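Chains as they are written, first to last, in this note's numbering: chain Z, 1 to 191; chain C, 1 to 191.
Please keep in mind that the hints were generated in silico from the structure rather than gathered at the bench. Computed from a prediction, not measured in an experiment: that's the story for all the values here. Some hints here could point you the wrong way.
To be verified - Straight-line alpha carbon distances no greater than 25 Å define the calculated SDA-like cross-link-like pairs of lysine to any residue that follow:
no., chain 1, residue 1, chain 2, residue 2
1, Z, 8, C, 187
2, C, 152, C, 93
3, C, 176, Z, 101
4, C, 8, Z, 112
5, Z, 152, Z, 185
6, C, 2, Z, 2
7, Z, 2, C, 93
8, Z, 152, Z, 101
9, C, 8, C, 83
10, C, 8, Z, 8
Unchecked claim - Okay, the calculated bits of chain Z under chain C, using three or more residues with CB under 8 Å as the criterion:
no., stretch
11, 50-63
12, 174-181
Unchecked claim - If the Cβ cut is set under 7 Å, some of the chain Z residues that face chain C in the computed set are:
no., residue
13, 38
14, 88
15, 120
16, 164
17, 168
18, 191
Backbone N, C-alpha and C fix where the C-beta goes; we use that ideal spot for every residue, glycine too.
2 protein chains.
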Amino acid sequence: MKRQLSVKPLLFPMPTPLIAAAHGDERGLFTVAWIGMASGTPPTIGMAVRSSRNTLRLIQASGEFTVNIPRVGMEAEVDFCGIVSGEGVDKFAAAGLTPVPASVVSAPLVEECPFNIECRVVGIHEMGEYRLVLGEIVETHADESVLTASGKVDIGLLDPLMYVPGMQEYWAVGRKVADAYTVGMPIKERM
Amino acid sequence: MKRQLSVKPLLFPMPTPLIAAAHGDERGLFTVAWIGMASGTPPTIGMAVRSSRNTLRLIQASGEFTVNIPRVGMEAEVDFCGIVSGEGVDKFAAAGLTPVPASVVSAPLVEECPFNIECRVVGIHEMGEYRLVLGEIVETHADESVLTASGKVDIGLLDPLMYVPGMQEYWAVGRKVADAYTVGMPIKERM
Chain Z
1 MKRQLSVKPL LFPMPTPLIA AAHGDERGLF TVAWIGMASG TPPTIGMAVR
51 SSRNTLRLIQ ASGEFTVNIP RVGMEAEVDF CGIVSGEGVD KFAAAGLTPV
101 PASVVSAPLV EECPFNIECR VVGIHEMGEY RLVLGEIVET HADESVLTAS
151 GKVDIGLLDP LMYVPGMQEY WAVGRKVADA YTVGMPIKER M
Chain C
1 MKRQLSVKPL LFPMPTPLIA AAHGDERGLF TVAWIGMASG TPPTIGMAVR
51 SSRNTLRLIQ ASGEFTVNIP RVGMEAEVDF CGIVSGEGVD KFAAAGLTPV
101 PASVVSAPLV EECPFNIECR VVGIHEMGEY RLVLGEIVET HADESVLTAS
151 GKVDIGLLDP LMYVPGMQEY WAVGRKVADA YTVGMPIKER M
């Protein structure tokens, strides 16, 4: 039995990365759950940013930003960066997070996050009170401690924080269920 | 110590919903991990769909689609709908999934998925070999069995399947870590 919940911005699960940008001597940092891949050719991130966000101004001015995946244990810092406006506040310093230089873009990486993505803005669409920021991925970084022997990111080692909308909770990932491009093959074979 | 991994379409974690659409007497179904919220005013979904996807044609023709969140246990069906092209195939029938009428749109809901979103297309942007499909949310549905007493979706009861890019695995969610808009308050208070 299903119940209608009306119009709600829910999707499960959601990531909860820290977005960083810099312009001149200003730097900004905020948390976003409304983010996903917008294309594969080239790999491009899409994220919805409230138009009043201070860091949006830095993203627009510099044309660059980074996406930093926090691990479990960073929930207080992640939550703080979502609650507080960056207007006149250095959230890196306030949260005790370390900005380190990226390889390609001027925006800093968050050192404490074990996976980091560098993006160059390729488009910004006005969507009501939000801006849909499209950023082409120009480099990715992973901490050696979260990589498998073959150089892939092991999500169990990464232990990424996720966001649960509606209940407004942070959760951890659990266990592997199945291999993709494999578990569905028996259905294909009996077609 | 960080290692550069070059340009890769990675983000952690990712959802892995089933997208359904219908036009005339055709219906289509496929799996997408490249999806996120594109705006909050009004709530709008953004998803990257390969331009060759059969269901994209139905989405373009009807201007509507549904997003259906699968639970753990549906991994074979989800994987099948990602592997196989819908050209001349009824994937609902092949995977044993049940199409049921939505409330607002012509696209069917997937009955077996405990959370469903109805969307009306508000824009399609060309992004290389992909189309970034923007869909305004016009209704959401949840199975009574996954709702809390106050009518919120309980992610533990929902038990959504998630996709892990790179390793190409399906995982389950784990445990609650903290309350959002709460766990970061001590950092704000000592500012």
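Problem - Cut-off 7 Å, beta-carbon criterion: hint that residue 164 of chain Z touches chain C - result: Hint on residue 164 of chain Z: holds, closest Cβ of chain C at ~5 Å, below 7 Å.
Problem - Hinted pair residue 8 of chain C and residue 8 of chain Z, Cα distance within 25 Å - result: Distance ~31 Å between residue 8 of chain C and residue 8 of chain Z Cα, so the pair is violated.
Problem - Hinted pair residue 8 of chain C and residue 83 of chain C, Cα distance within 25 Å - result: With a Cα-Cα distance of about 20 Å, the restraint between residue 8 of chain C and residue 83 of chain C holds, given a limit of 25 Å.
Problem - 25 Å limit on alpha-carbon distance, applied to hinted pair residue 152 of chain C and residue 93 of chain C - result: Roughly 31 Å separates the two Cα atoms, so the pair is violated.
Problem - Pairwise hint evaluation, residue 101 of chain Z against residue 176 of chain C, where the allowed Cα distance is 25 Å at most - result: This hinted pair is violated, its Cα atoms lying about 33 Å apart.
Practice task
Assess, step by step, whether the Cα of residue 8 of chain C is no farther than 25 Å from the Cα of residue 112 of chain Z, and give holds or violated.
Solution key: Holds, at roughly 20 Å.
Handout entry: Proposed proximity, residue 2 of chain Z with residue 2 of chain C (alpha carbon, max 25 Å)
Key = The hint is violated at about 46 Å.
Handout entry: residue 38 of chain Z as chain C interface residue, shortest Cβ-Cβ below 7 Å
Key = Where the cut-off is 7 Å and the nearest Cβ of chain C is about 5 Å from residue 38 of chain Z, the hint holds.
Exercise for the section: Count residues of the stretch 50-63 of chain Z with a Cβ under 8 Å from any Cβ of chain C, then say if the count reaches three. Expected result: violated (count 1)
Handout entry: Satisfaction of hint between residue 187 of chain C and residue 8 of chain Z, Cα-Cα up to 25 Å
Key = This hinted pair is violated, its Cα atoms lying about 30 Å apart.
Problem - Interface hint status, residue 191 of chain Z versus chain C (Cβ within 7 Å) - result: Cβ of residue 191 of chain Z sits 5 Å from chain C, so the hint holds.
Handout entry: Hint check: 7 Å Cβ-Cβ cutoff, residue 120 of chain Z to chain C
Key = 11 Å, violated
In the structure shown, a violation is registered for the earlier hints numbered 1, 2, 3, 6, 10, 11, 14 and 15, in ascending order.
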